[in-house]
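Chains as they are written, first to last, in the numbering used here: chain H, 1 to 170; chain B, 1 to 221.
It is worth saying that the hints were derived from the structure and are not from the lab.
Honestly, I wouldn't trust all of these hints.
[What the hints assert, rightly or not] Below, in silico cross-link-like pairs of lysine-lysine (DSSO-like), each with a Cα-Cα straight-line distance of 30 Å or less: (1) B:Lys8 with H:Lys12; (2) B:Lys212 with H:Lys164; (3) B:Lys121 with H:Lys77; (4) B:Lys101 with H:Lys77; (5) B:Lys212 with H:Lys120; (6) H:Lys32 with B:Lys8; (7) H:Lys77 with B:Lys212; (8) H:Lys58 with B:Lys121; (9) B:Lys7 with H:Lys162; (10) H:Lys120 with B:Lys190; (11) H:Lys58 with B:Lys7; (12) H:Lys18 with B:Lys121; (13) H:Lys23 with B:Lys190; (14) B:Lys7 with H:Lys134; (15) B:Lys8 with H:Lys18; (16) B:Lys190 with H:Lys58; (17) H:Lys58 with B:Lys8; (18) H:Lys158 with B:Lys212; (19) B:Lys190 with H:Lys34; (20) B:Lys190 with H:Lys134; (21) H:Lys12 with B:Lys107; (22) H:Lys120 with B:Lys78; (23) H:Lys120 with B:Lys8; (24) B:Lys190 with H:Lys77; (25) B:Lys107 with H:Lys18; (26) H:Lys58 with B:Lys107; (27) B:Lys212 with H:Lys23; (28) H:Lys34 with B:Lys131; (29) B:Lys107 with H:Lys77.
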Amino acid sequence: MNNPIDRKEFVKLIQENKGIIFKICNSYCHNKEKREDLAQEIVYQLWRSSHSFHANLKFSTWMYRVALNVAISYYRKSKRSDAVVSLSDNLKDIEDEDDDIEDEYEKNRKLLQRFINELKELDRTLIILFLESKSYMEIAEILGMTETNVATKIYRIKDQLKQKTINFIN
Amino acid sequence: MEDEYLKKIWNSPNREIKDFLNINDKSFELTQTRKAKSKIKSLIFSKIVGITLGLGWISFMFILIYYCVFYTPMSLGKGFFVGSLSMISLSTSLAVFLYVKDIFTLKQIDNCESVTVTQLKLASLQLSIIKSVRVSWLQLPFYTTWYLNYELIMHGGIIFRIVQILVTGLTTWFAIWAFRNINYQNLNKKRVRNLLQGVGFYSVTQALDFIKEIDNFGNDR
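Construct the entire structure; sequences and hints are all you get.
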């Protein structure tokens, strides 16, 4: 394979971005055991697709495209078997750990993750990219939509999250 | 919730991520020996199974046709047998052709394309099973004619003839009905749902819903 990124450089880039790969896995795979599998799948597919990476394309744009495509496909494939178990598992995790969590950020982060996991597949990609501080232009490029549309959708999703928070508190 | 606060909590260091990265650091190593379980591979696998079974069935039909054409004397029964089996083979060949076409499309799917484009292609491929199913139903009436011959028709009796006409007529009507009605627009109809139940109705409706979601996602509404 004639890759524009050599193996050493690729491994370095993956190590630098493993945090975001985990966050994507966490948002699309509720089953703890399967998250490792999805992370491996993403890394494997990134390496397989690395021949199509061009220097004129931002590395992060390319990486997000591949990682999100793999994660959504994986999620849709396992949705049928995992759906029921996963949501209850997710809620149980939060309930179990709630007592131990002293850190307010950690508590809110878990809540945010839970609300994100309840969103539709594509809405999830949008909010993940927004939270990763990607520009509207880059989000539009990753997802294949217009910047105006990105802005409108993000506004609506944030509104949805706000509503969920209010309902949760009440 | 303010944007900055949301981003702050999303990016805050957390135990979950630390635990995952500590335990699963090997997940991020590049191991090419790993057997990829990608969606595309599993779709290709299911298509290959369909093609293999289809080709097996077509080969069996061809052997029977070959022996019948070259090793049996000319008769009305031979005409029914060869004609019916040929139509069954033709219908199966069309379904196999659609599966082969899907594999070529699958091979062209690129994860580097934008998320909506790639996911739309994948979901559309899941729907293609509908085309194969409707073509396959067309062979049904020919399973009721392959055994007919001069003796059966002339000396089978009136009851046999009535039953034969009824069965062939009904299966023909049903095959045409299935061919015309099995499509995306009719997925909400109970009869169509029942016909697709054994071949993955759930994944078809899921794919259709997802396509609608992608369409809606791409619109400035």
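Results for each hint:
| no. | hint | in the structure |
| --- | --- | --- |
| 1 | B:Lys8 with H:Lys12 | 25 Å, holds |
| 2 | B:Lys212 with H:Lys164 | 24 Å, holds |
| 3 | B:Lys121 with H:Lys77 | 15 Å, holds |
| 4 | B:Lys101 with H:Lys77 | 22 Å, holds |
| 5 | B:Lys212 with H:Lys120 | 12 Å, holds |
| 6 | H:Lys32 with B:Lys8 | 24 Å, holds |
| 7 | H:Lys77 with B:Lys212 | 18 Å, holds |
| 8 | H:Lys58 with B:Lys121 | 24 Å, holds |
| 9 | B:Lys7 with H:Lys162 | 14 Å, holds |
| 10 | H:Lys120 with B:Lys190 | 27 Å, holds |
| 11 | H:Lys58 with B:Lys7 | 22 Å, holds |
| 12 | H:Lys18 with B:Lys121 | 28 Å, holds |
| 13 | H:Lys23 with B:Lys190 | 41 Å, violated |
| 14 | B:Lys7 with H:Lys134 | 11 Å, holds |
| 15 | B:Lys8 with H:Lys18 | 18 Å, holds |
| 16 | B:Lys190 with H:Lys58 | 49 Å, violated |
| 17 | H:Lys58 with B:Lys8 | 24 Å, holds |
| 18 | H:Lys158 with B:Lys212 | 22 Å, holds |
| 19 | B:Lys190 with H:Lys34 | 35 Å, violated |
| 20 | B:Lys190 with H:Lys134 | 45 Å, violated |
| 21 | H:Lys12 with B:Lys107 | 29 Å, holds |
| 22 | H:Lys120 with B:Lys78 | 58 Å, violated |
| 23 | H:Lys120 with B:Lys8 | 23 Å, holds |
| 24 | B:Lys190 with H:Lys77 | 25 Å, holds |
| 25 | B:Lys107 with H:Lys18 | 28 Å, holds |
| 26 | H:Lys58 with B:Lys107 | 25 Å, holds |
| 27 | B:Lys212 with H:Lys23 | 26 Å, holds |
| 28 | H:Lys34 with B:Lys131 | 33 Å, violated |
| 29 | B:Lys107 with H:Lys77 | 18 Å, holds |
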